Amino acid sequence: MDMVLDTEICALLADEVRECGRYAKSIQHSVRRNYKYDGTVITDADMEISRRIVGLLTERLPEANIICEEISTPWREEAPYSFVLDPIDGTDMYSQGFPSWAVALGMMDKVRKPVGAWISAPRWGLGVDELFVRLDPGGTPFVNDEPLALIGDKDAVAQVMVSSKGQSNLDFSHFSGKVRTVGSSIIHLISPVIYPNIEACVNQRAYIWDMCASHAVLLSMGMDINYSDGSPFLYNDEFVTKRKPYSMPIYAGTAHARAWLQSNLPVTCHNW
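In terms of our numbering, the sequence shown is residues 2 to 273.
Check the hints yourself; a few may be wrong.
What the hints assert, rightly or not - Below, in silico cross-link-like pairs of lysine-lysine (PhoX-like), each with a Cα-Cα straight-line distance of 25 Å or less:
hint, residue 1, residue 2
1, K114, K243
2, K37, K243
3, K114, K245
4, K166, K179
5, K166, K37
As the list claims (entries may be wrong) - Derived CB-CB ranges, DEER-like:
hint, residue 1, residue 2, range
6, I10, D230, 19 to 25 Å
7, P81, D130, 23 to 29 Å
8, K37, G126, 25 to 31 Å
9, V112, D230, 21 to 27 Å
10, E131, R244, 29 to 35 Å
The hints are simulated quantities; they were obtained by calculation from the structure and are not laboratory data. Fair warning: this is a prediction, and the values are worked out from it, not measured in the lab. Heads up, the beta-carbon is just placed ideally off N, CA and C, and yes, glycines get one too.
Could you build the full structure based on these sequences and the hints that come with them?
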């Protein structure tokens, strides 16, 4: 049975994620770059958004697990559902003034299936200066408050979103299409369902917060993700509770598109 969350709570989460996106947009011109221990970029906006959304979840849904990129929280196997937060996906792009970044909150059910998503990309959009995606668990996805509908033949791969190291880790010798790279895994992975002429995505190894929200939307539209060797994507303990990157690059799209990519745009380095 599909999981359902109280409509009032869903609306509250949607409003908070949207407002956090607008907040990050309002201070982007003055934000300062800092660096974490691993050399990745972090800003004050990442921390403030983490505090706001984690605080809201803790107050209103204390039974839930919370996985957040910037705030460490305990994992309870008995929790009925789990939230996965990337306060700003694409922080490097955000800190440099680019528009391709997003606040992304995903939700998994008890068996770790992505079932909900609230994504705010306030400087990115479909002909307008905002993209807001909402998928309440058990519901259908909306983009900017309108029902999401697939446009175009998503099995015929001609344009692909590819993450930033793709140029040196993919074999392009049999691929005659176009690739797009914008610096945000969340935007990369959601593009096949929101853009008519983007059919699929190839993404490098990343963390659960970089993809959970987008994966929920893909699943709701009949698409999925698998590893670059063709095996099913797993929300295993290494990835979820130990918060390690997934084990190899991934293909996202329809089943036909993923199989086509594996043959025509193969990965040359599975540790990428």
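Comparing the hints with the structure gives:
For the hint pairing K114 with K243, the CA-to-CA distance comes to about 17 Å; that is within 25 Å, so the pair holds. Taken as a hint, the K37 and K243 pair is honoured in the structure, with Cα atoms around 18 Å apart against an allowance of 25 Å. With a C-alpha separation of about 18 Å, the suggested pair K114 and K245 falls inside the 25 Å cut-off, and the hint holds. Between K166 and K179 the CA atoms are separated by roughly 15 Å; this keeps the pair inside 25 Å, and the hint holds.
Taken as a hint, the K166 and K37 pair is honoured in the structure, with Cα atoms around 21 Å apart against an allowance of 25 Å. A C-beta distance of roughly 39 Å is found between I10 and D230, which places it outside the suggested range of 19 to 25 Å. Checked against the hint of 23 to 29 Å, the C-beta distance between P81 and D130 comes to roughly 37 Å, which is inconsistent with it. Take K37 and G126: their Cβ atoms lie about 29 Å apart, and the range 25 to 31 Å holds.
Separation of V112 from D230 is about 23 Å and conforms to the stated range, judged on CB atoms against 21 to 27 Å. Restraint check, E131 to R244: a C-beta distance of roughly 30 Å satisfies the suggested window 29 to 35 Å.
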